[in-house]
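Student: With chain A fixed as given, assemble chain B with the ligand onto it according to the hints.
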Amino acid sequence: MGLKEFIEKSFKKSPWVLHYNCSSCNGCDIEILACMTPLYDMERFGMVNVGNPKHADILVVTGTVNTKNKEVLKNIYDQMPDPKVVVAVGVCAATGGVFREAYNVLGGIDKVIPVDVYVPGCPAKPEAIIDGLYKAAEILKEKYEKMGKAEEVLK
Amino acid sequence: MIRMSEKSTIPFGPQHPVLPEPIHLKLIIEDEKVVEAYPAFGFVHRGLEMLVKKKDFNQMVYVVDHICGICSAMHGQAYCQAVEELIGIDVPERAKYLRVIWAELHRIHSHLLWFGLLADAFGFENLFMLSWRIREKIMDILEATAGNRVIISVNVVGGVRRDIDSEQARWLLDELKEVEKSIKELDKIMRNNYTIKQRTVGIGVLTKEEAYMLGTVGPVLRGSGVPIDMRTTGYAAYKDLDFEPIVEKDGDTYARTIVRVREMFQSIDLVRQAISKIPEGELNVKIKPNLPAGEAISRVEQPRGEVFYYIKSNGGKYLDRLRIRTPTFANLASLLHMLPGSTLADVPVLVLTIDPCISCTER
Ligand code: SF4
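Protein sequence lines correspond, in order, to chains A and B. The numbering of the first sequence is my numbering, which starts it at 1 and goes up by one. The numbering of the second sequence is my numbering, which starts it at 1001 and goes up by one.
Isolated chain A (complex conformation) (with noise of 0.2 Å):
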């Protein structure tokens, strides 16, 4: 396999998610890294959790904006490369949810950053999140043949 068809498969194939919790009840992360664990397997797709913003292909929020973690989101998301598709997991990452009145809270993460993917629910299931998943990654590879070929990639 050449480099060409190696990053393009592995484009489709295993895209790297990475997860911020920005001010979310914990409800929802729990939840995400329970797709990680046996039972739901997330990594059976493909997908693998990373620490890195710049390793990363698809991010996944959990919980509102504040005023304070509005620009490190803001950080985060420039830092990933193109293309890339954001999942905002719960309805707090929606609209704001539960904490919507509350003084500190903007809203949803679309406030600062373009969202492709919503997986609702109060905390969402793993089971939604792993399609919401799936999903994020059906949009990448669109995104990606959008983008061009991989030769334009690497230039």
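In case anyone wonders, no lab produced these hints; they're calculated from the structure. The structure presented is a predicted model; accordingly, all values stated were derived computationally and were not measured. Here a beta-carbon is modelled for each residue, glycine too, at the ideal position from N, C-alpha and C.
Below, computed lysine-lysine pairings styled on DSS-like, alpha-carbon distance capped at 27 Å: (1) A/Lys68 to B/Lys1053; (2) B/Lys1026 to A/Lys54; (3) A/Lys141 to A/Lys54; (4) A/Lys70 to B/Lys1055; (5) A/Lys12 to A/Lys125; (6) B/Lys1181 to B/Lys1137; (7) A/Lys70 to B/Lys1054; (8) B/Lys1026 to A/Lys74; (9) B/Lys1026 to A/Lys70; (10) B/Lys1055 to A/Lys111; (11) B/Lys1137 to A/Lys125; (12) B/Lys1055 to A/Lys68; (13) B/Lys1054 to A/Lys111; (14) B/Lys1239 to B/Lys1177; (15) B/Lys1026 to A/Lys68; (16) A/Lys111 to B/Lys1053; (17) B/Lys1317 to B/Lys1288; (18) A/Lys70 to B/Lys1053; (19) A/Lys13 to A/Lys54; (20) B/Lys1288 to B/Lys1054; (21) A/Lys125 to A/Lys141.
Sample of chain B residues lacking proximity to chain A, with all beta carbon distances greater than 10 Å (derived): (22) Asp1056; (23) Asn1058; (24) Asp1174; (25) Pro1227; (26) Leu1241; (27) Asp1250; (28) Gly1341.
Tutor: Showing chain B with the ligand alone in chain A's frame:
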């Protein structure tokens, strides 16, 4: 010329792979040793205490349930107990027992979660997977009995919302037997494994006096040999159940791990006792729509330690003030005490040894 012992500052977090939550520490490092550590907060602050102005006291139960996803049932319980004390009503006995059952199930799942994260922090990924696999059984029990996996929202002011019937209780006990067997295996690994001992024995030592003076709570305090456990004050149905606070003497990370593992067995035992003693009866009592004026407190032992609720009401539907002191807040002082002098490689283990829950702390 570069001097070798120059100090450098390393930021730890807010986004980092050890903990799912954003904790931020500024570490001043000299020759791989931490000299000083400064925490920075506010990444998870939402302002939940002020929501009392917008949600009435019944709706607030749902909000406090969402302070933390890991011990949500205990937050609801603590809040409801405070409001019940303010109103001056007595909760039906059956509701008290059900609260104990759900609270203890939460403790088991929280400790298993923590155990996995600790193992992950020192690179023992296998053990992380193992303890989270055991945890899924508890999640199944919670889903079957309360309707949701993580945030179960079973408490209401005046009692509980759902019941566990005898058939379900029997099934629950069968599942717990399996869980107990798996935790025994975990216990064996923990007591014999070289890697775990290498990374935890003698790390983050707090003497009995230090732990007490720094105001630590929960397993951190009990790991240093102080037998303080809020459950012994006898709230809910704990006064009728038979248990002793679990104490270890050494005060290091290993001792805290043992405390938590032994607490899991204790919780299983408490669930069994509660199920065997649970009386028949009502689930909740009717309450008046308006609160009397006054103040009340409640103290509940969460997996991480004591949580303290204070409420104040001027009458009417809305509370005037809600104040929560969470266990992680109490334990942070001890973390900052343990960090100086440790090596950089031990920082993740030390952060996890207090079992931090940032979303509780910042609310
Ligand atoms: S959606 Fe619900 S469970 Fe998820 S972070 Fe928000 S409050 Fe917590």
